[in-house]
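Here is what each chain is made of, one letter per residue.
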Amino acid sequence: MAAKKLRRAQLSQEMCERLSRYQITTCQDFLCLSLLELMKVTGQSYYEVQKLLCKVSRACAPKMQTAYEMKLKKSVNLSSAFLSTTLHSLDRVLHGGVPCGSLTEITSPPGCGKTQFCIMLSVLATLPVSMGGLDGAVIYIDTESAFSAERLIEIAANRFPTYFDSDEKLLCMTRSIHLYRELTCCCVLKRIMSLEEEIISKKVKLIIIDSVASVVRKEFDTKLQGNLAERSNFLTRGASVLKYLAEEFSIPV
Amino acid sequence: MQREVGTLPLAPALRARLAAAGFQTAQELLDTGPCGLSKEIGISREEALEALQVVRQECHGDAARTAGGSGATRKCTALELLEEEQTQGFIITFCSALDNILGGGVQLTKITEICGAPGVGKTQLCMQLAVDVQIPECFGGVAGEAVFIDTEGSFMVDRVVDIAAACVQHCHLIAEVQQEEDHQKALETFSLENILSHIYYFRCRDYTELLAQVYLLPEFLSEHSKVRLVVIDGIAFPFRHDFEDLSLRTRLLNGLAQQLIIIANDQKAAVVLTNQMTTRIGQSQSTLVPALGESWGHAATVRLIFHWDNSQRLATLYKSPSQKESTIAYHITSHGFRDVQPPAVTHSAEGTELNPRKRPRTEEEKQ
Chain D
1 MAAKKLRRAQ LSQEMCERLS RYQITTCQDF LCLSLLELMK VTGQSYYEVQ
51 KLLCKVSRAC APKMQTAYEM KLKKSVNLSS AFLSTTLHSL DRVLHGGVPC
101 GSLTEITSPP GCGKTQFCIM LSVLATLPVS MGGLDGAVIY IDTESAFSAE
151 RLIEIAANRF PTYFDSDEKL LCMTRSIHLY RELTCCCVLK RIMSLEEEII
201 SKKVKLIIID SVASVVRKEF DTKLQGNLAE RSNFLTRGAS VLKYLAEEFS
251 IPV
Chain B
1 MQREVGTLPL APALRARLAA AGFQTAQELL DTGPCGLSKE IGISREEALE
51 ALQVVRQECH GDAARTAGGS GATRKCTALE LLEEEQTQGF IITFCSALDN
101 ILGGGVQLTK ITEICGAPGV GKTQLCMQLA VDVQIPECFG GVAGEAVFID
151 TEGSFMVDRV VDIAAACVQH CHLIAEVQQE EDHQKALETF SLENILSHIY
201 YFRCRDYTEL LAQVYLLPEF LSEHSKVRLV VIDGIAFPFR HDFEDLSLRT
251 RLLNGLAQQL IIIANDQKAA VVLTNQMTTR IGQSQSTLVP ALGESWGHAA
301 TVRLIFHWDN SQRLATLYKS PSQKESTIAY HITSHGFRDV QPPAVTHSAE
351 GTELNPRKRP RTEEEKQ
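Chain order of the listed sequences is D and B. Per full-length UniProt numbering, residue 1 is the first one in the first sequence, and the count goes up by one each step. Per full-length UniProt numbering, residue 1 is the first one in the second sequence, and the count goes up by one each step.
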């Protein structure tokens, strides 16, 4: 939205040309300037500039919803609001399960079972909706190389023996879990940025990143100057992209 | 401003004198000022002042006609302000301790900033306020609507449903106890669907969308004149990453603060912002301070800092023009923001009423 070109914000052609001479081509550049600068750059009066601001703002402002509309939308899609973890007490505490459309973070000391939990969630996501799953593919970004496909099959076969009764079904499930091994921060970030197209093409219903902390701690030593800022930069950028993906596609991350 | 002196609605004698003194345009008159004018033409200072006021009115009338709007400066006496402030409504938070330290609740026409570590309850308070602003006037509320601008995506509709249901139930209980007619009438409109449909939600993904939305907000508010609360949940989030140019960030934030102050005053609405905490690394230790820097600290009128103390949530009033600094504890229950229940056994005078056993024992001891 921010990178929207001014041309598409319905500004006149000559105004766009004039602004591009000052290297103002996107809505972001336009809105970052103060009123006086805008008056100087566009050569218009105060009131004209106000009107232009409104036009550009309208081009990139978000749409309004009332809370009531949001509630109605949610109650229509009741089944797809949560991914049940099949652990009843956990589901109760979480009000239904892992929520779709927002980020959930799992933290613990090593060895508690985070990766196992993630593997189980991947199996659950591939199940059909009638069994409490999301009937879709899974994107698994692994930074610790801890994902074991054999363990995946073991969990699937033992947990849902009636469903995964044939080898074919198991193979079908494994085919819908896409594993990416990324070992550095910028690879992880690049992978997150490229996820949007993959989600649409592969009909992904769950994104798992295991784990964010390990790759960040490996690369950024907080005792060095400037690394703290870079690290939080990387984290917040990744977080905002993931939030956008979760909300846009209504999937759990 | 370039009007000829001859066209101004002044007395003919005065006009003749001005022409004789060589004044040609209204601008020259205004530049001279009343004292200079009285000396040059030979009229008293009061007459000169009157004449200048007439001239100014004429010129402003012209300017307003050509420009289509006037930015009249507002001035009023402190007495008028006092009367206004006394009739000012507050938005209650359902936590009486917090309302007390704020002086009645979140004040209208002021910017309140809530800072805190993640998970301490900032968004919960914002959702509580978005419901509380709609409480009808007969129950002590301001009967307004709310605008919720979300940058972090932490607005959960189900939670707002819970909070609103608890609030409606609370009002029903009050109405049953007091049995007044306008309470019943107000309750008819104070229903769950109405509350939810009067919360206007905007989801801004980055700072450009936030800036754009704040530019469009005055227009939106003039269409929805009943809005009494604007919440921006997470003003720090879009400004904390991807910003190499810190001076640009400061400038944008200050511009944003100015616009919000104007909106708060014009619309008589309360503006509530939530901020994150950042670590300031000192010589030997690091402290948690509100994010976005020192200059942003001047933007908000009232600053609340939420923090943890073991497992108790505390709220500290950090900056306020009229209340003193104090800390209180609060709870977040399934109904929303609430007080901490006072402990059952107290050793004060009221405590002896709660524990009648204590008094006979001390009497026995005395005996």
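Since the hints were made in silico from the structure, they are not lab data. Don't be surprised by glycine CBs; every beta carbon is placed ideally from N, CA and C. Among the hints, erroneous ones may be present.
Stated by the list, open to error - If the Cβ cut is set under 8 Å, some of the chain B residues that face chain D in the computed set are:
hint	residue
1	C138
2	G153
3	E193
4	L196
5	L211
6	L216
7	L221
8	E223
9	R240
10	T250
11	R251
12	L253
Comparing the hints with the structure gives:
| no. | hint | in the structure |
| --- | --- | --- |
| 1 | C138 | violated (24 Å) |
| 2 | G153 | holds (5 Å) |
| 3 | E193 | holds (6 Å) |
| 4 | L196 | holds (4 Å) |
| 5 | L211 | holds (5 Å) |
| 6 | L216 | holds (5 Å) |
| 7 | L221 | violated (12 Å) |
| 8 | E223 | violated (11 Å) |
| 9 | R240 | holds (6 Å) |
| 10 | T250 | violated (12 Å) |
| 11 | R251 | holds (7 Å) |
| 12 | L253 | violated (12 Å) |
The structure fails to meet hints 1, 7, 8, 10, 12 from the earlier list, while all remaining hints are met.
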